[in-house]
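K.L.:
Residue numbers (the numbering used here), protein chains in the order written: chain F, 226 to 515; chain D, 125 to 401.
FYI, nobody ran anything at the bench for these hints, they're computed from the structure.
Just to be clear, a hint being listed does not mean it is correct.
What the hints assert, rightly or not - If you want the footprint, here are the derived chain D segments under chain F, 3+ residues with CB under 8 Å: (1) 155-162; (2) 183-196; (3) 223-237; (4) 265-277; (5) 296-307; (6) 361-375.
Claimed, not checked - Derived coverage of chain D by chain F (criterion: at least 3 residues anywhere in the stretch with Cβ under 8 Å from a Cβ of chain F; other residues may be distant): (7) 131-140; (8) 241-251; (9) 379-391.
Claimed, not checked - Computed far set for chain F versus chain D, every beta-carbon distance over 12 Å: (10) VAL281; (11) ALA286; (12) ASP292; (13) GLN298; (14) ALA305; (15) LEU382; (16) PRO428; (17) TRP432; (18) ARG460; (19) LYS506.
Glycine included, each C-beta is placed from N, C-alpha and C at the ideal position.
So you can see what is in the structure, the chains are spelled out below.
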Amino acid sequence: MTTIALQMPTAMRRKEATDEPAWVRRTLIGVALAFLTLFLFVPLISVFYEALKKGVDVYLAAIMEPDAMHAIQLTLTAAAIAVPLNLVFGLAAAWAIAKFEFWGKNLLTTLIDLPFSVSPVVSGLIYVLIFGLQGWLGPWLAENDLKIIFAVPGIVLATIFVTVPFIARELIPLMQAQGTEEEEAAVVLGANGWQIFFRVTLPNVKWGLLYGTILCNARAMGEFGAVSVVSGHIRGSTNTLPLHVEILYNEYNFAAAFAVASLLALLALVTLALKTFVESKTRQSGGECQ
Amino acid sequence: MSTFKQHSVLPGFNLALGFTLLYLSLIVLIPLSAAFIRTSALTWPEFWTVVTTPRVVASYRLTFGASFAAALVNAVFGLLVAWVLVRYRFPGKKLVDALVDLPFALPTAVAGIALTALYAGNGWIGQFFEPFGIRIAFTPIGIFIALTFIGLPFVVRTVQPVLEDLESELEEAAATLGANRLQTFARVIFPTLFPALLTGFALAFARAIGEYGSVIFIAGNMPMVSEITPLLIITKLEQYDYAGATALAVVMLVISFMMLLIINLLQWWSRRRSASA
Numbered sequence: 226m227t228t229i230a231l232q233m234p235t236a237m238r239r240k241e242a243t244d245e246p247a248w249v250r251r252t253l254i255g256v257a258l259a260f261l262t263l264f265l266f267v268p269l270i271s272v273f274y275e276a277l278k279k280g281v282d283v284y285l286a287a288i289m290e291p292d293a294m295h296a297i298q299l300t301l302t303a304a305a306i307a308v309p310l311n312l313v314f315g316l317a318a319a320w321a322i323a324k325f326e327f328w329g330k331n332l333l334t335t336l337i338d339l340p341f342s343v344s345p346v347v348s349g350l351i352y353v354l355i356f357g358l359q360g361w362l363g364p365w366l367a368e369n370d371l372k373i374i375f376a377v378p379g380i381v382l383a384t385i386f387v388t389v390p391f392i393a394r395e396l397i398p399l400m401q402a403q404g405t406e407e408e409e410a411a412v413v414l415g416a417n418g419w420q421i422f423f424r425v426t427l428p429n430v431k432w433g434l435l436y437g438t439i440l441c442n443a444r445a446m447g448e449f450g451a452v453s454v455v456s457g458h459i460r461g462s463t464n465t466l467p468l469h470v471e472i473l474y475n476e477y478n479f480a481a482a483f484a485v486a487s488l489l490a491l492l493a494l495v496t497l498a499l500k501t502f503v504e505s506k507t508r509q510s511g512g513e514c515q
Numbered sequence: 125m126s127t128f129k130q131h132s133v134l135p136g137f138n139l140a141l142g143f144t145l146l147y148l149s150l151i152v153l154i155p156l157s158a159a160f161i162r163t164s165a166l167t168w169p170e171f172w173t174v175v176t177t178p179r180v181v182a183s184y185r186l187t188f189g190a191s192f193a194a195a196l197v198n199a200v201f202g203l204l205v206a207w208v209l210v211r212y213r214f215p216g217k218k219l220v221d222a223l224v225d226l227p228f229a230l231p232t233a234v235a236g237i238a239l240t241a242l243y244a245g246n247g248w249i250g251q252f253f254e255p256f257g258i259r260i261a262f263t264p265i266g267i268f269i270a271l272t273f274i275g276l277p278f279v280v281r282t283v284q285p286v287l288e289d290l291e292s293e294l295e296e297a298a299a300t301l302g303a304n305r306l307q308t309f310a311r312v313i314f315p316t317l318f319p320a321l322l323t324g325f326a327l328a329f330a331r332a333i334g335e336y337g338s339v340i341f342i343a344g345n346m347p348m349v350s351e352i353t354p355l356l357i358i359t360k361l362e363q364y365d366y367a368g369a370t371a372l373a374v375v376m377l378v379i380s381f382m383m384l385l386i387i388n389l390l391q392w393w394s395r396r397r398s399a400s401a
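Please model the complete structure; the sequences and the hints are all you need to start from.
P.N.:
This is the structure we're talking about:
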């Protein structure tokens, strides 16, 4: 791979003075690619290799099994609730922070990022402290026969918590960079708030919104630590896909564990492909603006 | 009110801010405060005893040690990867650039079992170390490997944009003044990149401290040897030791907040540095 790097057209090459010698270039590219191969590509490939090692039949059986299907369903449900809620939150937060000047704005922006810096295990624990049997609302919930911890609502809550910042943090800098002129022009032309939002602001941020949503969804479907604390690991009931991987793995059912894991790895690859596509789109539309 | 918010002709401020604050309070702030309030049930000496038992201290040492080592490796190789991606052309560059974010997109449990399979004694990579008596999976080295994997994109993605914006005039000027490439890198390029590099290091370190999913499979989870602090929280929780689990969670939260503060300061420094450069 490294030898081809030398054959680039001469027109592409920068001036000698700010260019490294060819052997330095080749070595740096070689070391970087070796590192990435060892730490990224090999683990990724190994997931699919281990999944298919015992044949396609074993692979399909592991995925079609009822507990696995239920886990897929629960993972999709949790993401289908968490992502839209965080999308509305992201839009509201970005509208307030990017379009207005108010006291405490920097603090609010930092608070939105908070879930990123909290350990997933702690994210799950705090909901146990509120809704668990020993928690603040535990006795009341038990009296009314409501279950949040070790049940689906807890899983949804933990998923929402860990994915709160994703969409907001994409939209805030984007909407700040776009300023308020277009919206102000719309006000002058007599548009009301929702018209401004849907016809001016939303079209301007659509790629950033999509970008944040893709990342938010990937994390929502893949979250392990926080969901693990609140789930109770009940097979076929409160097991998401990542938790199902863990159960199969701990039962030494490696082929099935990797088969289910390969679905999540596919999700990761689709996420990266979409992300790259959106990045190229934003680069294009950014070029048009200038 | 007039001092709280500057006047604007745009509508929707109260609705947007109100919803933001309500949502953030219900989902994030009130639950987080629960950890602190619940810990106050313990007296200070009780709290201190819980968070400084030998097994807990061993878990801090492991968590911070492995996270620091992993973040350091990521700083070195992240800088190298960012440099190669920005400065050189090679086949498959776009694919490599896209795949750098894999650790962000791949669920941690998947990363955990994949790395364990690779580094186990009979795994693709582990088999080369086994004859020398070096075990990677189920030891602290395995934890370091997992944390390196999940921290990898942070340094690359913080250094990359700064490197892209670096003006070539500076390097040309250095060359004109007789500096060789190494001198130019050490005295011109590296100082400009340094705040971003440090930010990336801090982000990778902060993420590694709290990491759970990718670590527990490869760690072996032996008390005093390969047990990370987040796992200890889960262990205490499974033993219905809520006070103990919450006390440890508070320690981790305080550390997270401190890291968040440091990262914000670093980012501010980084922005100022690149603005003045």
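K.L.:
Where does the structure disagree with the numbered hints, that is, which hint numbers, in rising order?
P.N.:
2 and 15
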